[in-house]
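*Asks:* Work from the hints to combine the two standalone chains into their complex.
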Amino acid sequence: VSSQLAMDVGKKDSIASDSSEQVVNPWEVAAKDGGKIDYDKLIDQFGCQRLDDSLIDRVQRLTSRQPHVFLRRGVFFAHRDFNEVLDAYERGDKFYLYTGRGPSSEALHLGHLIPFMFTKYLQEAFKVPLVIQLTDDEKCMWKNLSVEESQRLARENAKDIIACGFDVTKTFIFSDFDYVGGAFYKNMVKVAKCVTLNKAMGIFGFSGEDHIGKLSFPPVQACLSVPAVPSFPSSFPHLFPGKDKLRCLIPCAIDQDPYFRMTRDVAPRLGYSKPALIESSFFPALQAKNGKMSASDPNSAIYVTDTAKEIKNKINRYAFSGGQDSIEKHREIGANLEVDIPVKYLSFFLDDDTELEHIKKEYGEGRMLTGEVKKRLTEVLTEMVERHRMARAAVTDEMVDAFMAVRPLPSMFE
Amino acid sequence: VCNYRIIFWIFQELQIDYSKYEHPPVLTVEEQAKYVSSSEGALSKNLFLKDKKNRYYIVSAMTDTKVDMKVLSQRLGLGKGGIRMAPEEALSELLQVSLGCVTPFAVVNESARDVSLLLDQKFKNQTRCIFHPLSNDVSVSLNTLGLDKFLQSIGRDSVYIDLEVNANPVVGKDQPPDLAVYVPSNSVVVPELPTKTASIQTASKNVSAEKTKPVASAKPSKLAGNGKSAVEDSALLVFKNPEKFVEEILDKTTALLLSEGKGENVEALAETFRKRLTSEFTHLAVMYKNTAYSQGFYAGTQSQPKRP
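Listed in order, the protein sequences are those of chains A and B.
Taking the UniProt record's numbering, the leading residue of the first sequence gets 1, the next gets one more, and so forth.
Taking the UniProt record's numbering, the leading residue of the second sequence gets 1, the next gets one more, and so forth.
The hints are simulated quantities; they were obtained by calculation from the structure and are not laboratory data.
All residues carry an ideal CB built from backbone N, CA and C; glycine is no exception.
A couple of the hints might just be wrong.
Said to hold, decoys possible - List of simulated lysine-lysine pairs, DSS-like, C-alpha gap at most 25 Å: (1) Lys193/A - Lys243/A; (2) Lys124/B - Lys149/B; (3) Lys289/B - Lys275/B; (4) Lys34/B - Lys20/B; (5) Lys275/B - Lys127/A; (6) Lys309/A - Lys20/B; (7) Lys94/A - Lys252/B; (8) Lys361/A - Lys275/B; (9) Lys344/A - Lys34/B; (10) Lys375/A - Lys252/B; (11) Lys149/B - Lys70/B.
To be verified - Derived contacts from chain A toward chain B, CB cut-off under 10 Å, selection only: (12) Leu42; (13) Phe166; (14) Asp167; (15) Asp401.
As the list claims (entries may be wrong) - Partner residues are not named here, just some residues of chain A that face chain B (Cβ under 10 Å, in silico): (16) Glu124; (17) Thr196; (18) Met368; (19) Glu372; (20) Arg376; (21) Ala394; (22) Glu398.
Next comes chain B alone, as it looks inside the complex (with noise of 0.2 Å):
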């Protein structure tokens, strides 16, 4: 994970010329620009993209720079519906950055070296223009130049890109992609959050796991459900809370007493009930056990030794 003091560090290193701005946490341009006033610099929008052969792309853009996604997706060989916004856990796991982050400055992440970066070229024309520096509670205004300085420090080039280019046809016989050349080489699958994992393993043979649809907004939105079952959902908790593990043992003890309970005597249900329930509560009870351990051990390997 980058911080992003990180980006300050190598701004100064290579004696990068930046101003820093605070200011609350910001998940839009418009809240944005109540702390960053327009002299300062030119504000600007950041798309995370992706196509549907898992390949990201980081698309930076003046805010009013119209991106138009059906022509982009042409320019880039994709067809006319081939690139939307990436799902949230892309934001993490790829640019390590959360919602209203997305920035150029997320490839300086390893994890981001297969993200294609594509720059509005009317940024050149800008004094200064202005970015998170991965945090969104933060902003950095910084020329172009600056920006090719760092791009070129951490082995990228500096894609400068005019985004307002609609020819008719877009592309054509004569017209190629002229943006294929950006499409990176490799795909990247972004894995699913651990729980989610655990629960489509378990998902029968002949139901896939759902694909997900994320919204095509200028926000990145909040991943739609994803074909885990409700079943499944409620195992994990039985196992981690103890009020839903005390429901589970009271539920299947009284559905036992509903079902056997009719005139038997006490002490013969009683039997009944030890025979019945005893390994399917310890198996139980092993699994909360398990459960219990795992987070603890978890949180040991993720604990701060105490300052001496």
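Isolated chain A, as found in the complex (with noise of 0.2 Å):
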């Protein structure tokens, strides 16, 4: 889901001036005086819930496997209505999730596959459909892509989404620019005439009464409204027919919960369920600096096309490390594991939570060293995005058709 959008709308009088807070919305990530962030306070801020235990258990019970590694780490820890989401479950009251991208780079970098990552074992564990859209009309709009090139990317884009695994009996994946139109345009401005110009204002915190003046609003009100519509069952005839009641789970990253909030405000105006979220921390960039990774800079982040001498390269170079200066301090005191990235990288993609906790045992009391950590590190990803590599050769244009084919899927819920 975008968070370009705006950007060119000024952030003159955002939130962010004051930097003794904390600083989360969809165009900025920034910490409190360069520390970490507070999730804890992000959750009382935004007024969504922590995904606790007891919710884990219960996922647990009701997929009958181990809950997804994100899960058992903290990586998705907050939500709003995934309780309600399971409770309709149980009863045999399926959903179907919603995820998406703005395909603006060609290089994918590890911190967009989470998403898409855990998006997959929802769909595995739950046995549910999925849509995944591809804004490419508003990359092309705000990042001034040509309509092909937006259109060319969002299709090498999808292949990269399909390496992940997803299922294509289950799974519709749509452009903006192919499929924006019919029941998916009338919901778009079913949405949009919900939504005023102060409520948007409200909900991403901006104020001022010059920004009316300079904003065009309707192109701004059309794009808030994008990721709104693909939360309807409606917008999709061809896959939930008569479905009108059907439940929508997306799973994003936390700086995106304004849109959603905005969704779910206008969701029973026009009749709808309210979209049930599920959201993801950061994943840290390779040099820490408070934030998120960024497709910008080439150091910040492991690409899913970089060699295994890339990655080694990366990690051994950038990757920060919460390591004593020297050998002797380390045994000493052990490694800082708040800021250190490797152990941080490893908790997001090491499975085995007995490795992971003797590493960060041995780590954090000084017996083991970065140099172990960081090649533990390079062996994880390396396999990763080996695999991913080859997955995404046998990505062909043909199954990149199929998958965003308007055709039904009948064996969605099986």
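*Replies:* Structure below.
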């Protein structure tokens, strides 16, 4: 889902000006005084709920399998109405998944893959269908790409997404340029009519009359409604005919929360169910520096096209270490696990809980050195990237066409 | 795609006088000569060429006309080695024909709109000339007036040149490239075939896909290797071929067995297998399923409806 919206609108009056507060919104993510993001405070600030252990246990019971590593490690840590979705699921009322990507660059890094990896798990575990939106129109407008280029990027990104392992009999991928029209467009207009300028300003935290003059509202309005519309099953009459009350669950990064607050506000007014959200924290950049990975700095991230050598290099040279300056000091007081990037990355991608605990203990108490941790991380990431590359190599244009075809999915709940 | 019968339809519409000869498929002029005698007309040799800036040319000449590629290249203003045989996929992408079928008539295709057509001026002295009408199991003879009429009807000029002009020097201060005006204004990028495209995208950022060097001979030749790695080659097969799929699964399983199996009791080993292999094998299986579905989907889009 887009996080480029309204860059041009101007952020003069945004709450970012006060550096004593942390800032999280779709355009800016900054910790307080350069420290860590306080996720508990964020949950309070946004008004969503924590994904606690009891919910995770419930997921395990309902799906009869180990919960995904991102749930166990608190990567996906907040939600809205996830418990209600589970209540309905227990009663036999299914749901569908919705996630998306703004295809602005060909280079995908690991941070980009996280929501897709988690969504794939949700699809498999709950056996539910998924719609994936590629907002090529929005990237075309705000990033000043040509229509053809944004469509091409959308298809290229679709290949990486498919390589994550989505089931073609349960997945519909669409690009805005291809799909907007018909029932989808009708919902866009319905949503746009519900969202007043002031309300939008309020949700996104802007204030000040000068914005009203500067805004060219219709395109912004349309953009605001675009992420909302796929949350409504009637936008996909070929998939969910007659199922207007089908619930939607949206895995996303927590900075997307404002968009969906707006959607949840509008939904009941249109007679639709409110979409539920399951939200993740940020995947840190290699060099740490409060905030998240950025596609514009190649050394801040591991890319799916990186070779084993490049991965090893990047981790060794750029991954911010919490180890001490000298071996003696390190053996004495151990590593600072709070800021150590390799351990953080392992907590995302090393599936074995026991091994991770062992590493944290040994490293934190000074018996394991940074080099060892980095070596293990390099192994884990290399294996992941290799697997992705193999799968990506098998994605043909025909496969993309199949995923993007407007077709019924008769076995979507099997 | 322009079915060759369209060529004959156009002949009939324009009342062009022609003769048609059907024969087994032929790839060379020598073979064609076995079935179409010189009394029917002058056989032609047809070259499909490409320059370094992805611009394409059809050169159609009498079989005994000497076509000097170096001279031609200079006359087009492309320097001495600026032109070579076009690769096979350009043949199908741009001209919609297969090997052995290059012909002036190929410019009837929309895809060939930027291809420059150069005809041997010696054709004009012949009663009739012989070409393939987009298919190498048919030949057609007609005179240049008929050919001109055909080209005109599809908005093309007939360009006849003296291919054997060989001034010394070919081009120089007082002798500008005389054919430069026939260089197409647009270059064309010929997309690679789907499976190759998929693998090239995954090549490391630092390694660019190898450019191919088509062999410069009279006959268009098959593409040389294109930088696709063996890893990605086998990836495609694993997801398409049941035997390769099973082999991959057994390879991974036995590898794990050999690395973990020493001294472990059987139950613990079975647990390890489940834990370590489930997610990976599920991923493999999903890709296998997706591949099969996509092939079926594609077949569906191509299938003819049942006759009532």
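*Asks:* All hints, please: hold or fail.
*Replies:* Now for the hints, and whether the structure bears them out:
no.	hint	result
1	Lys193/A - Lys243/A	holds (23 Å)
2	Lys124/B - Lys149/B	holds (14 Å)
3	Lys289/B - Lys275/B	holds (22 Å)
4	Lys34/B - Lys20/B	holds (15 Å)
5	Lys275/B - Lys127/A	holds (21 Å)
6	Lys309/A - Lys20/B	violated (62 Å)
7	Lys94/A - Lys252/B	violated (36 Å)
8	Lys361/A - Lys275/B	holds (23 Å)
9	Lys344/A - Lys34/B	violated (75 Å)
10	Lys375/A - Lys252/B	holds (23 Å)
11	Lys149/B - Lys70/B	violated (31 Å)
12	Leu42	violated (31 Å)
13	Phe166	holds (7 Å)
14	Asp167	holds (6 Å)
15	Asp401	holds (7 Å)
16	Glu124	holds (7 Å)
17	Thr196	violated (44 Å)
18	Met368	violated (23 Å)
19	Glu372	violated (20 Å)
20	Arg376	violated (16 Å)
21	Ala394	holds (4 Å)
22	Glu398	holds (5 Å)
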